[in-house]
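Please arrange chains B, C and D on chain A, whose structure you already have, making use of the hints.
Just so you know, the protein sequences line up as chains A, B, C and D, in that order.
Our numbering puts the last residue of the first sequence at 351; the count rises by one with no breaks.
Our numbering puts the last residue of the second sequence at 351; the count rises by one with no breaks.
Our numbering puts the last residue of the third sequence at 351; the count rises by one with no breaks.
Our numbering puts the last residue of the fourth sequence at 351; the count rises by one with no breaks.
Derived from the structure by calculation, the hints contain no laboratory data.
Be aware that one or more of the hints could be misleading.
In silico EDC-like cross-links for lysine to aspartate or glutamate, where the CA-CA straight-line distance does not exceed 16 Å [as the list claims (entries may be wrong)]:
1. Lys285/C - Asp60/B
2. Lys291/B - Asp53/C
3. Lys315/C - Glu204/D
4. Lys249/D - Glu169/C
5. Lys315/D - Glu204/C
6. Lys216/D - Asp79/D
7. Lys315/B - Glu204/A
8. Lys205/D - Asp316/C
9. Lys291/C - Glu200/D
10. Lys315/C - Glu207/D
11. Lys249/B - Glu169/A
12. Lys291/D - Glu204/C
13. Lys11/D - Asp79/D
14. Lys291/B - Asp117/A
15. Lys291/C - Asp316/D
16. Lys219/D - Asp129/D
17. Lys315/A - Glu207/B
18. Lys315/A - Glu204/B
19. Lys285/A - Asp60/D
20. Lys315/B - Glu207/A
21. Lys9/D - Asp38/D
22. Lys291/C - Glu207/B
23. Lys249/A - Glu169/B
24. Lys291/A - Glu200/B
25. Lys315/D - Glu207/C
26. Lys291/D - Asp53/C
27. Lys111/B - Glu207/B
28. Lys291/B - Glu200/A
29. Lys219/A - Asp117/A
30. Lys216/D - Asp129/D
31. Lys285/D - Asp60/A
32. Lys249/C - Glu169/D
33. Lys205/C - Asp316/D
Because the structure is a prediction, the values reported are computed rather than measured.
4 protein chains.
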Amino acid sequence: MILGLIMKKIKVGILGATGAVGQRFIQLLENHPIFEVDFLMASKRSSGKKYIDAVNWKMDTPIPNSIRDIVVQSETKTDSLLLFSGLDSSVALEIERAFAEDGKIIISNSKNHRMYDNVPLLIPEVNYDHIKLVESQKSKGKIITNPNCSTTFFALVAGVLNKRWPIKEINVVTMQAISGAGYPGLPSYDILDNVIPYIEGEEEKMEIEPLKIMGKLLKDKIEYSDIVISSQANRVAVIDGHLENLSIKFKKDTPSVEEINDYLESFESDLYHMGLHSAVKNPIKVFKELKNRPQTRVDRMIENGMAVSVGRVRKDPIFDIKMVVLGHNTIKGAAGGAILNAELYCNYYLS
Amino acid sequence: MILGLIMKKIKVGILGATGAVGQRFIQLLENHPIFEVDFLMASKRSSGKKYIDAVNWKMDTPIPNSIRDIVVQSETKTDSLLLFSGLDSSVALEIERAFAEDGKIIISNSKNHRMYDNVPLLIPEVNYDHIKLVESQKSKGKIITNPNCSTTFFALVAGVLNKRWPIKEINVVTMQAISGAGYPGLPSYDILDNVIPYIEGEEEKMEIEPLKIMGKLLKDKIEYSDIVISSQANRVAVIDGHLENLSIKFKKDTPSVEEINDYLESFESDLYHMGLHSAVKNPIKVFKELKNRPQTRVDRMIENGMAVSVGRVRKDPIFDIKMVVLGHNTIKGAAGGAILNAELYCNYYLS
Amino acid sequence: MILGLIMKKIKVGILGATGAVGQRFIQLLENHPIFEVDFLMASKRSSGKKYIDAVNWKMDTPIPNSIRDIVVQSETKTDSLLLFSGLDSSVALEIERAFAEDGKIIISNSKNHRMYDNVPLLIPEVNYDHIKLVESQKSKGKIITNPNCSTTFFALVAGVLNKRWPIKEINVVTMQAISGAGYPGLPSYDILDNVIPYIEGEEEKMEIEPLKIMGKLLKDKIEYSDIVISSQANRVAVIDGHLENLSIKFKKDTPSVEEINDYLESFESDLYHMGLHSAVKNPIKVFKELKNRPQTRVDRMIENGMAVSVGRVRKDPIFDIKMVVLGHNTIKGAAGGAILNAELYCNYYLS
Amino acid sequence: MILGLIMKKIKVGILGATGAVGQRFIQLLENHPIFEVDFLMASKRSSGKKYIDAVNWKMDTPIPNSIRDIVVQSETKTDSLLLFSGLDSSVALEIERAFAEDGKIIISNSKNHRMYDNVPLLIPEVNYDHIKLVESQKSKGKIITNPNCSTTFFALVAGVLNKRWPIKEINVVTMQAISGAGYPGLPSYDILDNVIPYIEGEEEKMEIEPLKIMGKLLKDKIEYSDIVISSQANRVAVIDGHLENLSIKFKKDTPSVEEINDYLESFESDLYHMGLHSAVKNPIKVFKELKNRPQTRVDRMIENGMAVSVGRVRKDPIFDIKMVVLGHNTIKGAAGGAILNAELYCNYYLS
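Just chain A, with the same shape it has in the complex (with noise of 0.2 Å):
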């Protein structure tokens, strides 16, 4: 803490910077201890202009002081070593490309990179030996991707379990927050009074996505959990937070009620033990009494919505057991997830 003082801060900077997702990485950056942010990228519209008169901040806190003055770049330039990724995914491929073929290190929370073999898609408290991918990835610098936001919850609990009772099967079916849309994102008309029982492309990922994370690292790709995944998506009136059902069955061995609570609750974060500022010792809230719990209003800012929660684990008559899982899907679902895997980064290869 004291070398923290002195330490010379990292140079970032946050691509797609006036968007939802840039947003929050810039609040959740905000006298981030390791990484300053010097560089904001965003569209030609933008650029040029002082970051507060480009962006429609959207976010509960004000724009941090040294933000509101940087101008907006949109040229693939910089002086900043770590980039975060908040671009549309019609345009991340290429941008975030660019930049890796300069040097950068990118921190994408876009999905256009997360199923190339050599990117690694991580949510760290599972797999953060994947990290490694990126000695396979050729180009100068490199790029780290998360998951879907509504992979991760479900994902994140499915993986710490599966270690310990392999997994044969999960259904899940999510009630999703608006602001998992960007903004505009979802017309107020569309939400209000009404729940709407599909997500463009959402149920594919989290479909995908997780057989991935729980894969096991080969030398330069990974090979793929063997799990099958059935997921339905549905959007909900709910500002933040994507609340899950989610039901396993194991290959062998199931665990009862009590073991799960218990080792699910007991479970830490390898990465709060290397230091990682982001990390949170016990990633996994447990809800053992209160049966109407987790709540999306109520617990979705548990450990500042780094937490992913599990509440009515209870047995199943089809599956072995089913739960509810709740994150925030902003922040440990998108920016906070992503800052995460940065620290991860410079954990291993910069220092």
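What follows is chains B, C and D alone, placed relative to chain A:
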């Protein structure tokens, strides 16, 4: 219709007339061709008052003029032959039984009598023949029930499919409206910007009631279905309409998506062909092309709230198929469903 | 009515047919006794497509069968005589004028022509005689407008009162529905669990439009009323219905609460006595006893959304009286109001 | 501050500890530098239970560890010197009086004692000198009150302005959060997709309380202000935060918009300069440029909910100016405001 105009209507009463379900009964029975409300029963607090003074009316149409001045009773005495019960389950057992002993036909929306051997539990599109169970009831009067609202929608769809392609397993996750909790029901502070993943007693009902409904009528009881059901109930911030994510595994033959869509869409209600007033010819509305439907607010009033909507029928990697199901919980799922049951009873035993 | 059956309907068109107001026109004109939609105009993006393929239909009833296959046009050419305009104000001026030059009757919900001297701005229950302004329009066709939705409700009530007790000052605060912003309109992220105390351009309209509506018809223009109006506009999270808190100071005589209640309740629409299809006999519904009404969701559909509700009329210590006013913004406040204007025009000039 | 660390904290109690306001007191007093909760009183139903077993905890942070196991009492006996009251008004009068007779300092959020001549009714940024009224209370203990939450926000702003530019008339329309109704409070069925234009007793409080707050301290009572106030109260579907549309007419001098903005923005709280822990230096946050602010969800937590926000200050054609005011109803408008009053009392009489 000419006959209808000169036919004398059947006098009916409403038990629990000031409650949420009681109000819906009164609303839906306005201008009913064969029923005429002339008895209103409620708790002692309301007894002796005109209905308009006793009720905190919450329907979106005014109190029918013929109802406003009826004096509410709290005694279990009436000349009405047929009684619709929206009684709270804390009192329904005793009161309904007393009326039945007294020779009345009880059409009950309460849970208390549903699982008694000789009490019909009807989704009549699926099991109208179970009405014959009343013949084994020994009381002068009879008791007929409809299932819990969250049961009605998936069990109607599954019940129809099960006759053609026998079902082995059902997994259902619900997103239920606040009106299902009655009035005052859920505090607003608990549900705004929130999802509550628990409704007391709801999952138990969804896992057992369909087994009776899809069971086989024996002489004086039902042989329950052997389908295995797993359910998860969630409360969301919508006024009316329960949306359900339904997964089904069949016993042997697995129909294609097209076969299911076609079969459900062309399914015709026997009740309609009996000429029952509240029956819908095609009680299952199928969305084949629009991939984000049904939606709660948009589709709950299809066929005046008496149809169930189905959409997104698709293959499932664990079960055989999955789909989205929607119904109006206080119409088809409660008062409207009960009225259809009453029409069925009259058609069988009073015509 | 016999006549109605054999009368040939008037062919009408919808400008901006795929937008929110355009859809409402189509919905409300289904089964209209004198109008028949046979022309749909929208932007070039929709041109050449069948309506069902061009529209993102948002109404709560299905697209009328007679409309589904009409091919949308983008040219200002049609055989229809009368055109309902739900055009966006960015294009309405030019297109409406072109059609008027071409001899068409334009019934416009857009703001562009409202304040032109010779264009009637109608809340016809208040100022149907202003329709005669069209006689001073020099184009072959004519343009008739209705006011902004937030203006309609308080200005109807004030306009009715003003005839009996001349008004000096009006203060109005609105709580407006999201549907007033069109579609996609307001992002859900902006309005859930929120109030936005600003709607662009809204207050200006509410402060000027009533002065024309309550003005005096001169030969070829309106002498504006000298009432002073102050307005404050807020957006709240309701689907439909603008609720307004209205305070009024009279010039001389101050009616009692009872006088106002009785006068408004007994007010009969001249349009109704002309026999116009969409006119309501008593267009103002007064709540005298229930002290917490009107309420937005509960009362917006009174008289199929064509009535304005008034409640809580009471003395005011600064003004003379204050009250609550409610109306359905996309029915009486937009498409429904415009259709009534068209019926009025036809009654005057086409019968 | 050094002193603070070694100073013994004052033992305080919470009356109505399980209610909504009581819970907020407990939350806000966690880690308070001079107060330490060691007495919890609630109704007999809770008496004898540990707090964690007696309460249905609704705050968004966990129950403080120091509070969980405190046994709730129902007797009016305690060693604590200072008592925060969130009692329901049906019982507050008697209980608060009994404690005061017993020598306790009652800091009450209940309405019962507010209008008594010798009871201070404080928005201390406006009238902290009224605290001296306690000196004319004859009981051993003292009673100090804060106003109704809907009063607090506009009366703070008006009270500040009134000192510089005397006010003649105030018109205020509120859009209030559901949390203002306590818990369980408003049924969700009543407020989803709705506005309720009535809150019992609210308008009366808003029209009289500010007259005492802005009144002049005489020897043993307040000479009320002669400002004329008209208020209209509405309930909207937001969790926390009352937004108000405020219009003001001044007695003589009319400040410009710029003067008001500058004056409010630069206003500093005397409480802050006294060093009170909960005081905010600039308790009024002014939005000068953003024309759609303050907004309820976005701005209610400014200064941890202890500031009042003002925006859209503009000329008014009837009054002189109008503006938008926002405050957090259960923090600044209730528990937080009461805690500041307690700090003020301690500063005057206990230091």
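Evaluation of the provided hints:
1. Lys285/C - Asp60/B: Distance of about 15 Å is within 16 Å: holds.
2. Lys291/B - Asp53/C: 14 Å, holds
3. Lys315/C - Glu204/D: 13 Å, holds
4. Lys249/D - Glu169/C: Holds, because 14 Å separates the two Cα atoms, which is no more than 16 Å.
5. Lys315/D - Glu204/C: 13 Å, holds
6. Lys216/D - Asp79/D: It is violated: about 35 Å lies between the C-alpha atoms, which goes past 16 Å.
7. Lys315/B - Glu204/A: Holds, because 13 Å separates the two Cα atoms, which is no more than 16 Å.
8. Lys205/D - Asp316/C: 15 Å, holds
9. Lys291/C - Glu200/D: 9 Å, holds
10. Lys315/C - Glu207/D: Status holds; Cα separation ~13 Å.
11. Lys249/B - Glu169/A: 14 Å, holds
12. Lys291/D - Glu204/C: Measuring from Cα to Cα gives roughly 15 Å; hence the hint holds.
13. Lys11/D - Asp79/D: 8 Å, holds
14. Lys291/B - Asp117/A: Given pair Lys291/B, Asp117/A is violated - Cα atoms ~31 Å apart, limit 16 Å.
15. Lys291/C - Asp316/D: Distance ~30 Å between Lys291/C and Asp316/D Cα, so the pair is violated.
16. Lys219/D - Asp129/D: 12 Å, holds
17. Lys315/A - Glu207/B: Roughly 13 Å between the alpha carbons, so the hint for Lys315/A and Glu207/B holds.
18. Lys315/A - Glu204/B: 13 Å, holds
19. Lys285/A - Asp60/D: Within the cut-off at roughly 15 Å; holds.
20. Lys315/B - Glu207/A: Cα-Cα ~13 Å, so holds.
21. Lys9/D - Asp38/D: Holds, because 11 Å separates the two Cα atoms, which is no more than 16 Å.
22. Lys291/C - Glu207/B: Between Lys291/C and Glu207/B the Cα gap is close to 45 Å, so the pair fails against 16 Å, i.e. violated.
23. Lys249/A - Glu169/B: 14 Å, holds
24. Lys291/A - Glu200/B: 9 Å, holds
25. Lys315/D - Glu207/C: 13 Å, holds
26. Lys291/D - Asp53/C: Violated - the C-alpha atoms of Asp53/C and Lys291/D are around 39 Å apart, more than 16 Å.
27. Lys111/B - Glu207/B: 14 Å, holds
28. Lys291/B - Glu200/A: Holds, because 9 Å separates the two Cα atoms, which is no more than 16 Å.
29. Lys219/A - Asp117/A: 11 Å, holds
30. Lys216/D - Asp129/D: 10 Å, holds
31. Lys285/D - Asp60/A: 15 Å, holds
32. Lys249/C - Glu169/D: Holds, because 14 Å separates the two Cα atoms, which is no more than 16 Å.
33. Lys205/C - Asp316/D: Distance of about 15 Å is within 16 Å: holds.
In terms of the numbered hints stated before, the structure departs from hints 6, 14, 15, 22, 26, listed from lowest to highest.
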